[in-house]
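The residues making up each chain are set out below.
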Amino acid sequence: MDYNLIINDKNIPVNVDLEGEDRFVVSIGEKMITVGFGRIGDHLLCLEVNGKKVNTYIADTAEGRAIFFNGKTYLVSDADALNQSGSRRSGGGKTIDEVTPPMPAVVVAVKVKEGDAVKKGQGVVVVSAMKMETTLFAPFDGTVTKVNVQAGNKVMPGDILVDIEKQEEGASPE
Amino acid sequence: MDYNLIINDKNIPVNVDLEGEDRFVVSIGEKMITVGFGRIGDHLLCLEVNGKKVNTYIADTAEGRAIFFNGKTYLVSDADALNQSGSRRSGGGKTIDEVTPPMPAVVVAVKVKEGDAVKKGQGVVVVSAMKMETTLFAPFDGTVTKVNVQAGNKVMPGDILVDIEKQEEGASPE
Amino acid sequence: MIKKILIANRGEIACRIMNTCKEMGIESVAVYSDVDQKALHVLMADYAYCIGTSEPSQSYLNIEKILDVAKQSGADAIHPGYGFLAENAAFAARCEEEDVIFIGPSSKVISELGDKTIARQIMIKGGVPVTPGMMQAESDPKIMAREADRIGYPVLIKAAAGGGGKGMRIVKHPEEIHAACAAASSEAASAFGNGAIYLEKYIEKPRHVEFQILADSHGNVIHLLERECSIQRRHQKIIEETPSPAVTPALREQMGNAAVAAAKASGYVNAGTVEFLLDSEGHFYFLEVNTRLQVEHPITEMVTGIDIVRRQIEIASGKSLSLKQEDIAGRGHAIECRVYAEDPEKDFFPSPGKIVFLKEPSGPGIRNDCGVYTDVEVPVDYDPIISKLIVHAENREKAILKMIKALSEYVILGVKTPVPFLMDVLKSEAFADGETYTDFIAKHFEKWSPGEGDIDTALIAFVAGELSVKGNHQFQSSSANDALSPWKTLGNWRL
Amino acid sequence: MIKKILIANRGEIACRIMNTCKEMGIESVAVYSDVDQKALHVLMADYAYCIGTSEPSQSYLNIEKILDVAKQSGADAIHPGYGFLAENAAFAARCEEEDVIFIGPSSKVISELGDKTIARQIMIKGGVPVTPGMMQAESDPKIMAREADRIGYPVLIKAAAGGGGKGMRIVKHPEEIHAACAAASSEAASAFGNGAIYLEKYIEKPRHVEFQILADSHGNVIHLLERECSIQRRHQKIIEETPSPAVTPALREQMGNAAVAAAKASGYVNAGTVEFLLDSEGHFYFLEVNTRLQVEHPITEMVTGIDIVRRQIEIASGKSLSLKQEDIAGRGHAIECRVYAEDPEKDFFPSPGKIVFLKEPSGPGIRNDCGVYTDVEVPVDYDPIISKLIVHAENREKAILKMIKALSEYVILGVKTPVPFLMDVLKSEAFADGETYTDFIAKHFEKWSPGEGDIDTALIAFVAGELSVKGNHQFQSSSANDALSPWKTLGNWRL
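Protein chains in written order, with the numbering used here: chain R, 305 to 478; chain L, 305 to 478; chain Z, 3 to 497; chain S, 3 to 497.
Keep in mind that the hints were calculated from the coordinates and are not lab data.
Hints are not guaranteed to be accurate.
[Claimed, not checked] Label-pair restraints from in silico Cβ distances:
no. : chain 1 : residue 1 : chain 2 : residue 2 : range
1   : S       : Glu399    : Z       : Lys5      : 37 to 47 Å
2   : S       : Glu399    : Z       : His220    : 20 to 30 Å
3   : R       : Thr439    : Z       : Glu206    : 27 to 37 Å
4   : L       : Ala413    : S       : Lys266    : 46 to 56 Å
5   : Z       : Lys429    : S       : Gly453    : 36 to 46 Å
We put the beta carbon where it would ideally sit given N, CA and C, even for glycine.
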């Protein structure tokens, strides 16, 4: 089995050979690792990695599968599954090209209107969550083509608050 | 809705009038009680009984639905459902008329053989669980018609270890 | 004696108060806003009343609704927790008028100590050392500039009302004073409804050391030792400990006496906290009195063995403190970490959402004052605190190790938490050395990033999760006899 | 220093030991029998090895297999917990031969103190008061009868090897002595593989008071105060507390000195417990030394603030005790309740099975040393302990209230537990009065029955469960706006 997984904004190909019901060998880059595993309930996956046990806790979230062990939570997604489902979310790379809140929030102010020209880094919407205000910035130079929200709206991550059409700047493939 | 519930070996009829999605009035004997309820996850039922909240934890077990609150666990079964499913378990009353272990156990000794006459209270099988031995007694005078186990067998509650045919003793309806 | 207490709060502190109520045989009444219908404090209470929408002014800050519930439910006392109405003198005054016991000091004391300039005057009269600064709030920037010159730069601008770092500004140069005063005043006005500000000498490289006090209505006042709360981010405490690595027995006695003097000078009754700044030469200055149960009170409970909430309730009932100062002895070392729903990788921005899975650390010496459970939503509307994780061990070194272990086992999925950051702080040499000044985070963890971590194991867990979902793989008792056990099996020992 | 410890045990005690290992940065190795593949101690360990079938002789009592795992896994020490091999001198001796550190006293000490008659001789030499009785084990019933006459009835028959009440008989009349000796001897033979028995004077209305000791390999011995363990059923402790309601400061010093003398007389190294019988006049008699970590050690940890398992590991590593006797001071009061899978309504018969749902009590001062989790099976093969619930509070009265609260919140569904019985004991006047003699249960709770309880609420919960299953009823955030909230809603306040 081949997986194409996304973690820390990197795509990592992972090859898996089953060796029975609760054991497999995984190849990650040059490394080959023998793994034993057992599942307890919905969230606990007991692994044996290179002979040492580690308890991992897993749950699926909007941002991918959350995997916790040793005090740290990792987010892992299956790039192939994302492609199949046509998810809007860009898997790899860190190009933020949308004006969307980092968390559920309330819009405090919209600082642009349709037709406005904006500069990269210019504040376009101010949102508030848990008594903290934060400003969302234009990701590139461009023109506001649509404003989707107004002050007082409750908004979620992924909601596009303002559509901005990118300004031409030569044929940069990025 | 009418329920016929079994608790503490008693059959208790319970009438329920729904008053919306999360509220009902229950009649138990002479009492009428207004109840609000909400479920959190698989096991927690939050009730409001006569205006006071009580958190009950529920789970279905082989002996009925286990219901815990305030440090005590109750077992409640639906007599009608038991009758429908043709369960062998006698709902009300406490007539023990089978030789079955009270818990998962291992047979240590069988003290009778087929054809033996036994007296009520006579030891017929000795079982051991968690390093404690206990003797199972004949529930009435009678004749052993079949011995279903031998020493070393693992047995479970409900398993009939020894079949005993009850001796005639007038036409007692009980 | 009090029989039924309304808790005018939510989250972990409401739950913690209810725990003590239940032990004391006191019934608890929760109030909640609509988004909190399933909140843990609502589940735990004996009675619960919805009092409005999520907007705090409509619910947790709505004095009249809360008083109505107190009456309707027959509560004879109200515990305000911390935050919301805890230091609102008007609320305490309304309770006094309505003859409902307010579990805290009198409205007069709250009002006087809540105004920092009045508080400073009280402390000066009571012989408590204060930082050089203005005795009165001001708004005229010219007067402020003159005062700053008198006190000497750097100066600290503070809001006369409120706390939590809001309205606070450090000004190092005279040319900045006008703009800073204007900004601080408008921030204070929007946070506390009161734009009054004043100036104090800014103490460089200070520690924040506070003393817990208990004062009954019969004139008995004691302190329950200090808490070191220097580790702050954006003027919010994140890690607290007791004893303070900087406080010697002699200094403890001096500061404790000053804290008791502060309580007496202000006519304080109930539990409170006297905050001091401690400079590197062992001089300390009165900062403010927090007229409430403090977020970090559990570390004091762990080292003194005293249930502070129980004492609050007893004091509010008019009971006499059965403790004397000589009965108070700290034992061992306690540390608290505040666990918020926030994203340490995104500048600690709040991260509300659904707790998809929660597994609290437990074990000897571990306490987690928690306000959430699996499947509950952390709403966007309030302070995003999930819990306070507290450990207690024989000494500081062992307490640090215990906290690292506890954090490493604290599973919170669905929202982001600062657990990896907290672990790195606790593992740092600077923390081990007790270099806990208020600039600790800025100095040692300004550019913190979580690092890659153990990516291989995370990928493996993902794959194992896929395989166990697809095959609906579950351990079976029978599989114990399979050759392929998930645990290392010594084959020839299998019988 | 020890780097990797094999824990030759299962259940809550194995988990508790691993907790301390993890804090100390020591890796843990679990061993398990096939039925324990999913047991909590297996999940918690860094490494886990299946060593055989459920029959203890094939796994947890299999000395050679355990030593093989120690070598294969690279463990440099073995912690035996309590029960199983904990007081097995042959096991300790094999560890010594194989150069694996046994975390406990030497095989010689275990062997000598394990033979109660030798132990008595050692104590008499060491000046520790012992009960009048035989100095040697016997099997001839005639000699036993003569000895009984000499000591004076009532006498107590005890097994020379082993403990836990097995092989124990009280004999009040001379005509019963023959039969009682025969029964006790055969019981001892089957339980310990050794039928040797002896007689002691039976102390009437005694209390069982024991002292925790710590002894390092450098000759330092201290005690960590007493535990009152009088509340027993079938000679098994069920509730323990410290301090004892019967021990005055003067008696504590006397008994503590005797306990230290007992440790010194026997050449004891590591943690151990010296058990005494305390009669109603304040006389105390040496009973036995438990050469292991005791089940009830957590209450001592709570009042002294000392992690006994950590000290065991440090002592086994050769470290010197950093504590002196004068450093040891108890604070507050701790109580432990043992929670077994057993049915209090059926004469406390074991009740193994699947834990369908578990919710542990938590909160300030509450500790639950637990060995199970939701969905795990409590196997029929072992001691049915689920957990030990421990509370710590300012004084005995508050500790009792805290324990009652904790028990009332301890949800264990799927197996029966004695929680309702324990609650009734803790609520009783006799317990409140500290009338904790070893006949406590027989005297006050012989005919205990759980009572009807609140049947109405149970029936209501059943109905609500049916309705919420059928309608797949779940709270929805949106339902917060419905008029019909499950919590009392003040209608006109809804916005």
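Okay, the hints, checked on the actual structure:
1. S/Glu399 to Z/Lys5: 37 to 47 Å: 19 Å, violated
2. S/Glu399 to Z/His220: 20 to 30 Å: 22 Å, holds
3. R/Thr439 to Z/Glu206: 27 to 37 Å: Check passed, 32 Å falls within 27 to 37 Å.
4. L/Ala413 to S/Lys266: 46 to 56 Å: Given a distance of about 49 Å, which is inside 46 to 56 Å, the answer is holds.
5. Z/Lys429 to S/Gly453: 36 to 46 Å: The hinted range 36 to 46 Å is violated for Z/Lys429 and S/Gly453, with Cβ atoms some 53 Å apart.
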